[in-house]
Amino acid sequence: MSPTERDGAAASGDAETNTNGADHGVDAVTEALTDDPDRFADAEWAPGGSAISGHARNGRVAADGGSAVSEFQQKADVSMTAGERRRQWLEERVLAPARIVWSDWRARTGVLVVILYLLMATVGQMLIAAPSPNQGGYLVGAFRTLEFPLGTTASGVSLLSQTVYATPSMLTMIASGAVFTVILGTVFGTISGYKGGTTDSVLMVVTDIMMTIPGLPLTIVLASALQIEGNPVVIGILITVNAWAGLARAIRSQVLTLRDAEYVEASRIMGMGTPTIISGDIVPNLMPYITMNFVQQARAVIFGSVGLYFLGVLPYNSVNWGVMMNAAVNRAGATSSPAAFHWLLVPMVTIIVLALGLTLLAQGADRIFNPRVRARHADTIADDDESSSNTTGGI
Amino acid sequence: MSYVLKRLGQSVLTVFVVISASFGLIRLLPGGPLAYLRAQALQQGGSSLSTAEINARIAAQTNIAVSEPLYVQYFQYMAAMLQGDFGVSTRYGDPVMSIIGPAIPWTVFLTASALFLAFTVGVSLGAFMAYREGSTFDVTSTGVGLVLNSTPGYVLALLFISYLGYRMELFPTGGRYASELTVGFNLPFIASVLHHGALPILSMALVGFGGWALSMRGNSIRVLGEDYLRVARLRGLSTRRIAMRYVARNAILPMYTGLMIAIGTVFGGAVIIENIFAYPGVGFYLIQGINARDYPLMMGGFIIITVAMVIGITIADLTYGWLDPRAKGGATRESY
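If you read the protein sequences in the order shown, they are chains A and B.
Counting from 1, one number per residue, gives the positions in the first sequence under the UniProt record's numbering.
Counting from 1, one number per residue, gives the positions in the second sequence under the UniProt record's numbering.
Each hint should be verified, as a subset may be incorrect.
[Unchecked claim] EDC-like mimics (lysine to aspartate or glutamate), calculated; alpha carbons at most 20 angstroms apart, straight line:
1) 6(B) <-> 208(A)
2) 6(B) <-> 200(A)
3) 195(A) <-> 91(A)
4) 195(A) <-> 92(A)
5) 195(A) <-> 208(A)
6) 195(A) <-> 265(A)
[Stated by the list, open to error] With the Cβ distance kept under 8 angstroms, some of the chain A side facing chain B (calculated, not the full set):
7) 101
8) 105
9) 221
[What the hints assert, rightly or not] Partial selection, computed: residues in chain B whose CB lies under 7 angstroms from chain A:
10) 14
11) 28
12) 29
13) 32
14) 35
15) 40
16) 44
17) 261
Keep in mind that the hints were calculated from the coordinates and are not lab data.
Ideal Cβ placement from N, Cα and C applies to all residues, glycine included.
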């Protein structure tokens with residue numbers, strides 16, 4: 001991990017933006033000098049006709065013949081009502097991203113998959129009876145009967161109802177793990193990247209140590225030594241106990257390129273506190289990256305938790321996809337006997353579909369936040385430049 | 001040089017912290033392992049054991065002499081661990097190191113070959129996909145890559161073991177090599193090792209390779225649009241030189257960090273895979289220790305996995321500067 005990676009880039013970036021700024025300054029001055037004061041006294045101009053533009057009225061002589069209104073005293077002629085504001089916010093933050101998401105088949109599939117699982121966790125509970133022994137015959141295969149579409153276990157429990165009833169706790173676990181990672185990673189990464197100096201060194205030593213400790217073995221050891229209960233929130237956090245370190249590293253390197261940006265420097269000169277600068281100026285710029293990582297962490301939590309439940313080393317309160325796989329292998333020998341294989345296959349497919357949906361969603365998120373794609377909005381997204389999200393996971 | 005020293009110091013610090021943390025886990029947790037070991041000793045020895053005898057037994061197993069003051073316990077524990085003395089397994093009755101020690105090379109064999117396979121095949125395939133961007137080959141490979149990337153390694157392992165292992169009986173379903181063979185550098189033994197290792201390695205490599213191929217593809221496409229590539233072509237450089245020096249090098253670099261993180265996840269993944277294939281590596285013994293509540297074995301396995309990982313990441317980190325000249329040298333940054 002290089003401590004220097006940003007220096008070259010940041011320096012050249014600065015130079016570039018500075019010259020740009022200078023250009024604008026010169027333009028503005030020449031424009032102002034050659035300005036004809038009557039230019040803006042336009043008879044056809046009426047308030048409310050155009051967008052808010054304080055600068056357009058710059059230099060206009062006040063009506064009473066007194067001094068010209070300074071740029072700093074001027075108020076906008078048009079004010080937006082709360083409703084307009086709300087509509088604009090909705091358009092910018094919700095509708096435009098939604099259109100972009102919908103225009104890309106990957107993101108569309110991802111969103112549909114996630115909605116499907118959310119429905120399964122909420123509505124599914126009402127439609128399908130809770131799993132109980134002797135609901136049906138023993139080890140009925142998948143797609144044999146309408147009553148048990150996914151088959152039954154060796155004790156006659158419907159696999160469909162087990163899968164559905166496992167969803168809420170799984171989703172809770174996934175969400176808590178992902179939220180924990182993203183918050184801790186963002187806090188560590190932004191503070192150490194922005195503050196620099198000793199703070200940076202100390203935080204990064206902690207991060208590097210956490211990053212080098214193997215995650216799953218650490219989770220296993222902690223779970224057995226801590227005697228935790230099967231609370232999904234706690235287990236979600238336990239599984240991501242050191243996953244935040246990698247994110248903190250990545251966010252730090254992004255912050256390094258932002259900390260010397262003009263608007264950050266301006267805030268610093270105005271004497272704003274570090275928390276204000278980080279939350280107001282830096283984090284909004286990292287949101288795309290953070291969102292993508294949230295989705296990827298969610299996938300990592302599924303893989304980790306199901307794997308450890310399958311091994312039988314995590315405590316649990318209720319039915320769970322990993323526990324289903326464990327039962328299929330240990331109780332019915334699903335790996336060696338074809339009769340019980342569907343018992344193993346149902347949770348496997350459930351996991352893969354959810355993970356695939358999240359992967360596609362991550363790629364879609366990349367597109368939403370990619371300014372080049374955004375600028376074109378939803379109209380012209382036909383061309384298919386594959387944006388490489390960080391799909392490098394697993395090995 | 002100072003960077004190398006700093007980096008090595010950091011690795012030593014990491015190992016130190018992990019061992020200290022394991023001491024904390026064993027010694028300080030309320031109702032933790034120590035209480036369990038004491039109860040176990042009481043159960044086995046009945047009322048005939050005196051407190052001193054129980055303490056002595058715990059000390060032999062965990063290197064922690066409960067009667068000593070806390071700092072003495074800590075120093076004794078650290079000293080023993082740093083000398084490679086991980087105590088005595090309560091399940092097997094042998095020193096932990098003599099159980100886990102022989103398992104280390106096997107785990108490294110599995111994880112290293114899987115990572116190597118996934119990385120080389122994934123990267124070359126990704127480069128080829130980028131070269132043929134938009135073709136049927138590219139679209140199909142991207143789809144396959146996405147699905148593989150969304151499959152956990154243990155799912156693939158379970159499918160492999162049930163189809164290729166049990167149903168078609170093409171591969172063994174457990175062990176490291178056929179037991180009747182003489183261990184050594186002979187052809188039947190090596191063949192047997194590869195035969196037993198094939199499925200675990202494949203199930204780890206296949207799920208990883210999709211991710212590598214997709215990121216290599218993305219990076220290569222990005223590099224292919226760069227101006228310096230056009231300049232290189234205008235200079236009349238050979239295609240080979242452009243492909244190796246300009247495209248490959250710049251496309252692989254961003255993935256190097258991913259490789260380092262992957263080294264970490266590989267050891268975690270191996271724990272589950274080794275248990276599915278009953279492959280006696282470090283991860284296998286770690287779970288054996290957990291299931292038998294054999295705390296010395298469990299802590300030993302965890303510390304060994306961590307040390308292996310620290311070594312791997314340190315090597316990767318130290319060679320990074322050699323791959324990317326920009327990463328050399330120390331930075332001085334003003335702090336706010």
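Taking the numbered hints from earlier one at a time, note which ones the structure violates and give those numbers from smallest to largest. 3, 4, 7, 8, 11, 14, 15 and 16
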